[in-house]
Amino acid sequence: EAGVAQSPRYKIIEKRQSVAFWCNPISGHATLYWYQQILGQGPKLLIQFQNNGVVDDSQLPKDRFSAERLKGVDSTLKIQPAKLEDSAVYLCASTPSGGAYEQYFGPGTRLTVT
Amino acid sequence: GNSVTQMEGPVTLSEEAFLTINCTYTATGYPSLFWYVQYPGEGLQLLLKATKADDKGSNKGFEATYRKETTSFHLEKGSVQVSDSAVYFCALSEGGSSNTGKLIFGQGTTLQVKP
Chain A
136 EAGVAQSPRY KIIEKRQSVA FWCNPISGHA TLYWYQQILG QGPKLLIQFQ NNGVVDDSQL
196 PKDRFSAERL KGVDSTLKIQ PAKLEDSAVY LCASTPSGGA YEQYFGPGTR LTVT
Chain B
2 GNSVTQMEGP VTLSEEAFLT INCTYTATGY PSLFWYVQYP GEGLQLLLKA TKADDKGSNK
62 GFEATYRKET TSFHLEKGSV QVSDSAVYFC ALSEGGSSNT GKLIFGQGTT LQVKP
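These protein sequences, in sequence, are chains A and B.
In short: position in the first sequence from 1, add 135, done, that's our numbering.
In short: position in the second sequence from 1, add 1, done, that's our numbering.
Among these hints, one or two may not hold up.
Non-contacting residues of chain A with respect to chain B, defined by C-beta distances greater than 10 Å in every case (computed) [said to hold, decoys possible]:
#1 S162
#2 K179
#3 N186
#4 G241
Below are the DSBU-like pairs computed for lysine-lysine, each with C-alpha atoms no more than 30 Å apart in a straight line [claimed, not checked]:
#5 K115/B to K69/B
#6 K69/B to K53/B
#7 K206/A to K146/A
#8 K150/A to K57/B
#9 K206/A to K53/B
#10 K53/B to K179/A
#11 K69/B to K206/A
#12 K146/A to K197/A
#13 K150/A to K218/A
#14 K78/B to K61/B
#15 K213/A to K197/A
#16 K150/A to K179/A
#17 K57/B to K179/A
Bear in mind the hints are in silico, worked out from the structure with no lab data behind them.
Backbone N, C-alpha and C fix where the C-beta goes; we use that ideal spot for every residue, glycine too.
Whenever a hint applies, use it, and build me the whole structure from the sequences.
Laid out in structure tokens, this is it:
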């Protein structure tokens, strides 16, 4: 069974530029999560989707971050414009449904903003 | 709000030593508790979990018991190997009807095992 796929794996941009990350969850998984992991910290949830609807985006900085999950399968996370403090690893995870199920994580996208 | 606190790292041990990584949590209700591990160059993966008080999660020689009275979920292993070197994250998800599966993570503890 294929795991969670993410691309790109690495991205370096200058501040005020825009960037987009892509995630393809495990086939059949209804729930998709985006986490931000700043160096030396644990991952923090940015947004959670159930199929193509948003369940929780309370910690998403909506003035610069946006995310969508069209057709309830793959998802895109965008930052526009980027700030230095956005440098982090962006993790995508999926699970068959919400609740205390194991979340399967992708390898992450490491973003460096200079 | 809900939170997870882990012991500071790095933790450096010799092979075959006993491991304990402390984890305490603050949460309302009855959360589920998890340990995730991140090996060098790899993604996060679930190590073990417990969904109710007094449950013991175990996997690959690691164990952790859900202690509601002390709000703790300490990770233990009797004899570590070099291959256990990784970053370990304690996490919780809210319990009951409000459980969306959202994970709240601790800051992570780096374990280094020397031969």
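Checklist entry - Are the Cα positions of K57/B and K179/A separated by 30 Å at most? => result holds (26 Å)
Next on the checklist: Just to be careful, I want the Cα atoms of K53/B and K179/A compared with a cutoff of 30 Å; is the pair within it?
Outcome noted: Answer holds: K53/B to K179/A is near 23 Å, not above 30 Å.
Checklist entry - Can the restraint linking K69/B and K53/B be considered satisfied, given a maximum Cα separation of 30 Å? => result holds (9 Å)
Next on the checklist: Beyond 10 Å on every Cβ pair: is that true for K179/A relative to chain B?
Outcome noted: Non-interface label on K179/A violated, nearest chain B Cβ at 7 Å vs cutoff 10 Å.
Checklist entry - Is N186/A truly not at the interface, in the sense that its beta carbon sits beyond 10 Å from all beta carbons of chain B? => result Holds, since 13 Å exceeds 10 Å.
Next on the checklist: Check the hint pairing K206/A with K146/A against an upper bound of 30 Å on the C-alpha distance.
Outcome noted: holds (26 Å)
Checklist entry - For the pair supplied as a hint, K115/B and K69/B, is the alpha-carbon distance within the 30 Å limit? => result violated (34 Å)
Checklist entry - Does the alpha-carbon distance linking K150/A and K179/A stay inside the 30 Å limit? => result holds (22 Å)
Item to check | Least C-beta distance from S162/A to chain B larger than 10 Å | outcome: holds (17 Å)
Item to check | Satisfaction of hint between K206/A and K69/B, Cα-Cα up to 30 Å | outcome: violated (41 Å)
Checklist entry - Given the hint that K78/B pairs with K61/B, does the C-alpha gap stay at or below 30 Å? => result OK: K78/B and K61/B at ~9 Å, within 30 Å.
Checklist entry - Within 30 Å, alpha carbon to alpha carbon, are K213/A and K197/A? => result Cα-Cα ~10 Å, so holds.
In summary, the numbered hints that this structure violates are 2, 4, 5, 8, 9 and 11.
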